[in-house]
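Engineer: Turn these sequences into a full structure, and let the hints steer you where they fit.
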Amino acid sequence: MADKQSACATCQPKGLCGGKGLTTLKEGAWANNPLAIQVLGICSALAVTNRLENSLVMGAALIFVCVGSNLIVSLLRKCTPYRIRMIAEVAIIATFVILFDQFLKAFYWDMSKQLGPYVGLIITNCIVMGRAEAFALQNPPILSIVDGIANGIGYAVILAIIGFFRELLGTGEIMGRTIPVFSEWYTPNQIMILAPGAFIALGIVIGIFNAIKGPAPEEKK
Amino acid sequence: MTETSAWVIFIAAIFTNNILLTNFLGMCSFIACSGQIRTSLGLGTAVIFVMIMTTIINYVIYHFVLFPFNLVHLQFIVFIAVIAAFVQLVEMFVERFSPKLYFALGIFLPLITVNCAILGASLFMIIRNYSFMQSVGFGLGAGIGWAVAIVLLAGLRQKMRYSHVPKCFEGVAIAMVVTGVLAMTFMGFAGMVSIQ
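Read top to bottom, the protein sequences are chains X and P. According to my numbering, the first sequence is numbered sequentially starting from 1. According to my numbering, the second sequence is numbered sequentially starting from 1.
Hint data in this document are derived by calculation from the structure and do not stem from the laboratory. Careful, some of the hints might be misleading.
[Claimed, not checked] Here are the simulated DSSO-like pairs of lysine-lysine, each with C-alpha atoms no more than 30 Å apart in a straight line:
1. X:213 / P:167
2. X:26 / X:78
3. X:213 / P:159
4. X:26 / P:167
5. X:213 / X:26
[Claimed, not checked] If you anchor each label on the Cβ, the simulated ranges turn out as follows:
6. P:70 / X:30: 40 to 48 Å
7. X:213 / P:103: 32 to 40 Å
8. X:30 / P:68: 45 to 53 Å
[What the hints assert, rightly or not] Simulated coverage check for chain P against chain X, where a stretch passes if three residues somewhere in it have a Cβ under 8 Å from a Cβ of chain X:
9. 15-28
10. 63-76
11. 123-131
These numbers were taken from a predicted model, which means no experiment stands behind them. The beta carbon of each residue, even a glycine, is placed where N, CA and C say it ideally should be.
Structural biologist: Put into structure tokens, the structure is as follows:
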């Protein structure tokens, strides 16, 4: 909850749409990275990162859903009654998730099977909901799209990093292909593609992210 | 699959296929609310109750409404609506009939709507093609498994307050690593029973 508050405070509209665009992009993708800093939406981040390919598809899914729902929520922000905004947001998000799910089922059946229930679980992904609630409700459509892209990218990049290392260390391959020297020399460590590896990998990524970014943002509050 | 008894699924959902430690569901509230054992117990109880009820309701809706009328593609939106409505309903009931319990669970109930473990349990039930009894076993087991995991982590985090953790790892980062170790421990149960 505190995270949501701070996200709200940092993205108060100050200037024009154009000048705000870049700040919003940077804010979402780096300074307020949804995964590493706000620790939102980690369920899917952990579950699908056992292979790089899955991570990329999931990242794309989140960018799509986040942009779409931000746009619609922002367009409807003036005529959504405050009291039912939550259920309206959930309905909008669910619509986009269904679109993506049907798309995967139609064109990438294998991928859809591998991701299993996790595509559906984007609905309860707090990032999408959080952005709709904290940003799109107060900002014009264009800016909301930028915010959606920024947060989606922030999420997708971290996902790709974790997916890359988990697949590399867990199977010794990347995208299902062997790497010439590395794969022969390296003994795959199964634990990395199993559950514990996911937790540990994400923990280390968050730790490194904090180390690069400097002292924890909590101190500023 | 269909011949696995509900009891086996129940045990498996708690230990070998713990919904949190192997399927990573419900992580958000898991990390946010595992500061103290008391709080996590409250949340755990609420999750168990809501999970078993929503799995049953969603099972009935899926097999008697969505499937016969060919509306399967609407399952996400229907499930989430059922969960949200059910949580709201429970909240009103508890507030009316047991104010004491309401104050104990109060804050946690709304949080459960966005707990992915609840929706996840319903989706797994559909994907794995469980029968009714199996779904009941699964819902109950998954809820208990989730509660066990969060209480365990809360205990560990309480102890961890007195240990020296590298500065950049404080808070969430170290909690994740600890969860990783916890998940590894639970892997020791593998082979006891297995479901897929």
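Engineer: Hint by hint, where does the structure go against what was stated? Just the numbers, ascending.
Structural biologist: none
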